[in-house]
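Protein chains: 4
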Amino acid sequence: MDVFNKLVNIFEDFPGIGPRQARRFVYFLLNKDDGYRENLAHTLGALKNTVKRCRDCTRIFLDTKPQTLCTTCADSERDQTCLMIVEKEADFEVIERTGVYNGRYFILGGVLPVLADNPETHIRIDGLRELITRKGDTLKEIIVALSATPHGEHTSEYLINTLKDVPLKKTMLARGISTGVELEYIDKDTMKEAFNRRL
Amino acid sequence: MDVFNKLVNIFEDFPGIGPRQARRFVYFLLNKDDGYRENLAHTLGALKNTVKRCRDCTRIFLDTKPQTLCTTCADSERDQTCLMIVEKEADFEVIERTGVYNGRYFILGGVLPVLADNPETHIRIDGLRELITRKGDTLKEIIVALSATPHGEHTSEYLINTLKDVPLKKTMLARGISTGVELEYIDKDTMKEAFNRRL
Amino acid sequence: MDVFNKLVNIFEDFPGIGPRQARRFVYFLLNKDDGYRENLAHTLGALKNTVKRCRDCTRIFLDTKPQTLCTTCADSERDQTCLMIVEKEADFEVIERTGVYNGRYFILGGVLPVLADNPETHIRIDGLRELITRKGDTLKEIIVALSATPHGEHTSEYLINTLKDVPLKKTMLARGISTGVELEYIDKDTMKEAFNRRL
Amino acid sequence: MDVFNKLVNIFEDFPGIGPRQARRFVYFLLNKDDGYRENLAHTLGALKNTVKRCRDCTRIFLDTKPQTLCTTCADSERDQTCLMIVEKEADFEVIERTGVYNGRYFILGGVLPVLADNPETHIRIDGLRELITRKGDTLKEIIVALSATPHGEHTSEYLINTLKDVPLKKTMLARGISTGVELEYIDKDTMKEAFNRRL
Chain A
1 MDVFNKLVNI
11 FEDFPGIGPR
21 QARRFVYFLL
31 NKDDGYRENL
41 AHTLGALKNT
51 VKRCRDCTRI
61 FLDTKPQTLC
71 TTCADSERDQ
81 TCLMIVEKEA
91 DFEVIERTGV
101 YNGRYFILGG
111 VLPVLADNPE
121 THIRIDGLRE
131 LITRKGDTLK
141 EIIVALSATP
151 HGEHTSEYLI
161 NTLKDVPLKK
171 TMLARGISTG
181 VELEYIDKDT
191 MKEAFNRRL
Chain B
200 MDVFNKLVNI
210 FEDFPGIGPR
220 QARRFVYFLL
230 NKDDGYRENL
240 AHTLGALKNT
250 VKRCRDCTRI
260 FLDTKPQTLC
270 TTCADSERDQ
280 TCLMIVEKEA
290 DFEVIERTGV
300 YNGRYFILGG
310 VLPVLADNPE
320 THIRIDGLRE
330 LITRKGDTLK
340 EIIVALSATP
350 HGEHTSEYLI
360 NTLKDVPLKK
370 TMLARGISTG
380 VELEYIDKDT
390 MKEAFNRRL
Chain C
399 MDVFNKLVNI
409 FEDFPGIGPR
419 QARRFVYFLL
429 NKDDGYRENL
439 AHTLGALKNT
449 VKRCRDCTRI
459 FLDTKPQTLC
469 TTCADSERDQ
479 TCLMIVEKEA
489 DFEVIERTGV
499 YNGRYFILGG
509 VLPVLADNPE
519 THIRIDGLRE
529 LITRKGDTLK
539 EIIVALSATP
549 HGEHTSEYLI
559 NTLKDVPLKK
569 TMLARGISTG
579 VELEYIDKDT
589 MKEAFNRRL
Chain D
598 MDVFNKLVNI
608 FEDFPGIGPR
618 QARRFVYFLL
628 NKDDGYRENL
638 AHTLGALKNT
648 VKRCRDCTRI
658 FLDTKPQTLC
668 TTCADSERDQ
678 TCLMIVEKEA
688 DFEVIERTGV
698 YNGRYFILGG
708 VLPVLADNPE
718 THIRIDGLRE
728 LITRKGDTLK
738 EIIVALSATP
748 HGEHTSEYLI
758 NTLKDVPLKK
768 TMLARGISTG
778 VELEYIDKDT
788 MKEAFNRRL
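Protein chains in written order, with this note's numbering: chain A, 1 to 199; chain B, 200 to 398; chain C, 399 to 597; chain D, 598 to 796.
Chain A on its own, in the form it takes in the complex:
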């Protein structure tokens, strides 16, 4: 394959990018000068000894020093008793930005397809169990914080079930009416939760 199509193929892998936009990306890069492309290649290369995965939360972080924990997991000021399970780094970022939560995280690395045979190949369930064991008595609560989509809900159920043997409080983010939602379009599940937990 020629260099052009090699690049198109790579960009087609990027999240949310189809063949047409992948070609636009390549043309965009081709119309830039050598310096621009070298800068991108160089920045990618600079990641080599910088990208680390946190031993505890499995979150990707960048650090030139040899660290095993990300800044959040290394922060002793944060509440050690709560562990929030999220799907991916972007969810972690969104929740941190709200400032609502001050405990620990675990990045699950994905959600479960409905008829998945080997859950451990889709989500980091083994890493999660290991972390819970390692934390021991410090940990008091596990908060499942996944999307209210079919895959997210299926994964939440799976987690609650599979962690039945873990003697900890297990909670889930509350369902209810999200900002911007009109009452006229509410489904039964959301209405039920919104009504039962009214305040």
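Hint data in this document are derived by calculation from the structure and do not stem from the laboratory. Worth double-checking, as some hints may not be accurate.
Listed below are the simulated DMTMM-like cross-link pairs for lysine to aspartate or glutamate, each with C-alpha atoms no more than 20 Å apart in a straight line [to be verified]:
hint: 1; chain 1: B; residue 1: Lys391; chain 2: A; residue 2: Asp79
hint: 2; chain 1: D; residue 1: Lys629; chain 2: D; residue 2: Asp599
hint: 3; chain 1: A; residue 1: Lys65; chain 2: D; residue 2: Asp599
hint: 4; chain 1: B; residue 1: Lys205; chain 2: C; residue 2: Glu491
hint: 5; chain 1: D; residue 1: Lys603; chain 2: A; residue 2: Glu93
hint: 6; chain 1: D; residue 1: Lys603; chain 2: A; residue 2: Asp34
hint: 7; chain 1: C; residue 1: Lys590; chain 2: D; residue 2: Glu690
hint: 8; chain 1: A; residue 1: Lys6; chain 2: D; residue 2: Asp660
hint: 9; chain 1: B; residue 1: Lys205; chain 2: C; residue 2: Glu436
Sample of chain D residues with no beta-carbon within 12 Å of chain A, all distances over it, derived [claimed, not checked]:
hint: 10; residue: Tyr698
hint: 11; residue: Pro710
hint: 12; residue: His719
hint: 13; residue: Thr735
hint: 14; residue: Lys737
hint: 15; residue: Glu754
hint: 16; residue: Phe792
Since the model is a prediction, treat every value here as computed from it, not as a measurement. C-beta atoms are modelled at their ideal positions from N, C-alpha and C, and glycine is treated no differently.
Chain A is already provided as a structure; the job is to place chains B, C and D on it using the hints.
Just chains B, C and D, lined up with the frame of chain A:
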């Protein structure tokens, strides 16, 4: 104005209908035969002595007998201690369909614009106060069930404030993650509620 | 069926209206007073002896006097040599508004489904043939002006084919690049026409 | 700035990419292994002595040998008498794929903002003039093939005007009804062209 444009004008008033679709409606009706249009006119006429507004919940209902209460308000099996305030008939229908709630309703008839001078010209606040007084000691809780839109939230706040003097429990539908919502797109308010009310 | 659902059913027939919006229409009407609904019913009734279908172009028009021709067909100033075939009244209106054409029209009353057995039940092909015969030698050109959609194109082809025996010039609106269209999204047929007829 | 944000900044430059998707790209790359990122960096580097701009059409092409002309401009089988002016490489690709045109191209490199002071900084007007001069008598026709958007039309007008002194036939792609367009939504300009060039 000729009959054509008179009809266009009327249909432009219909909720969600612009000038182009109003004209399509008129052409649709013109291409039907006299019988079709007479049937519509006749059905509209049949409403004359049938449309009633419930004395209690202010909901529109159809009945040929002289009734002052809609079937919901006349139903003595329903919980008399709860009064849910909704914006419009369609919201009432959606909530009834969920089967989650078995109390009374009050149709507010609208929401408040943010800088509204005379709230009573936008929403049936006077009718609401009157109903609450009439219900007396039977009533224990008022549930504000409005959309999580800026106008809805503004109206909820107004209701809670203006009913401060009413010695009843006042609640609102819980905020949280609605069905279908991805965690990555959650706002701070929704996240806060979803976290604080986790179960 | 009760009056409410009768009205919902009628509005569901309206072009582009689904069950939810049909209900909103009914609630909208129920919340208006008797006068409003009577005005609508009365205006519909006023159509009774007013709606006429033009003998020539088959267009619907409103006139209280006993007319057989619409104002366009009755206008002797208009070019009698050209007959433009359009699908529906709204298309006629759009073309008239552009001021580009000053000839006659024929309203086909629909387009042909791809595997339609009896074309004459879908479009007014018999009325068209009759009009062409009646016009005789005055008529020089038939212009097929249908949408560039699959059904529109299928109907254009059918018309050109079925009128092969009519010894008149037959033309179609030119294909090319429509206002707002980006070159990057052009299909082969449009490009071919746009190129071959460049000026 | 750290490596993470440096990469986010670069991806925000990509066509059609906002801050949120730029971050998603970076997280996507961070979750891949070193080999994946090195492959991308290496492929970008491989462009260094491969990216060439065609002397004639200014189109970007990839070739390891020292070429001054792209394969299209070097192809002596193609019609030398026609020069089609397009905005960008993607437009060239779309037109080639239709197989409708077999002449030469010139990539303008952009379109003109409506009140642009120095056209030569937005589009390759100087390169175009130079190519026309160089082609001399061989060239018979210049075809302006830009989008039917406001900027595209403004640029077409500018080109026709500014090349008034060039004694060649100048044409534009025909306007008309594009595939998929419904007659009801046609604008005056498109209707005029579609009518005047009917066939």
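Within a Cα-Cα threshold of 20 Å, do lysine 603(D) and aspartate 34(A) meet the stated pairing? holds (18 Å)
Is it true that the CA of lysine 205(B) sits at most 20 Å from the CA of glutamate 491(C)? holds (18 Å)
Does the alpha-carbon distance linking lysine 65(A) and aspartate 599(D) stay inside the 20 Å limit? Satisfied, since the Cα-Cα distance of roughly 14 Å is no more than 20 Å.
Distance rule for glutamate 754(D), whose beta carbon must clear each one in chain A by more than 12 Å: holds (25 Å)
Non-interface claim for threonine 735(D), where every Cβ of chain A lies beyond 12 Å: holds (28 Å)
If we take the beta carbon of phenylalanine 792(D), is the closest beta carbon in chain A still more than 12 Å away? holds (33 Å)
Was histidine 719(D) rightly flagged as not at the interface, with every chain A Cβ beyond 12 Å? At roughly 14 Å from the nearest Cβ of chain A, histidine 719(D) sits farther out than 12 Å, so the non-interface label holds.
Assertion that tyrosine 698(D) lies farther than 12 Å from chain A (Cβ): holds (20 Å)
Quick one: work out the minimum CB distance from proline 710(D) to chain A and report holds if it exceeds 12 Å, violated otherwise. With a cut-off of 12 Å, proline 710(D) remains clear of chain A, as the shortest Cβ separation is near 18 Å.
When you check the alpha-carbon spacing of lysine 590(C) and glutamate 690(D), does it fall within 20 Å? Holds - the C-alpha atoms of glutamate 690(D) and lysine 590(C) are around 15 Å apart, at most 20 Å.
Measure nothing beyond the straight line between the CA atoms of lysine 629(D) and aspartate 599(D); if it is 20 Å or shorter, mark the hint as holding. holds (19 Å)
Would you mind confirming whether the straight-line C-alpha gap from lysine 391(B) to aspartate 79(A) stays at or under 20 Å? holds (17 Å)
In terms of the numbered hints stated before, the structure departs from none.
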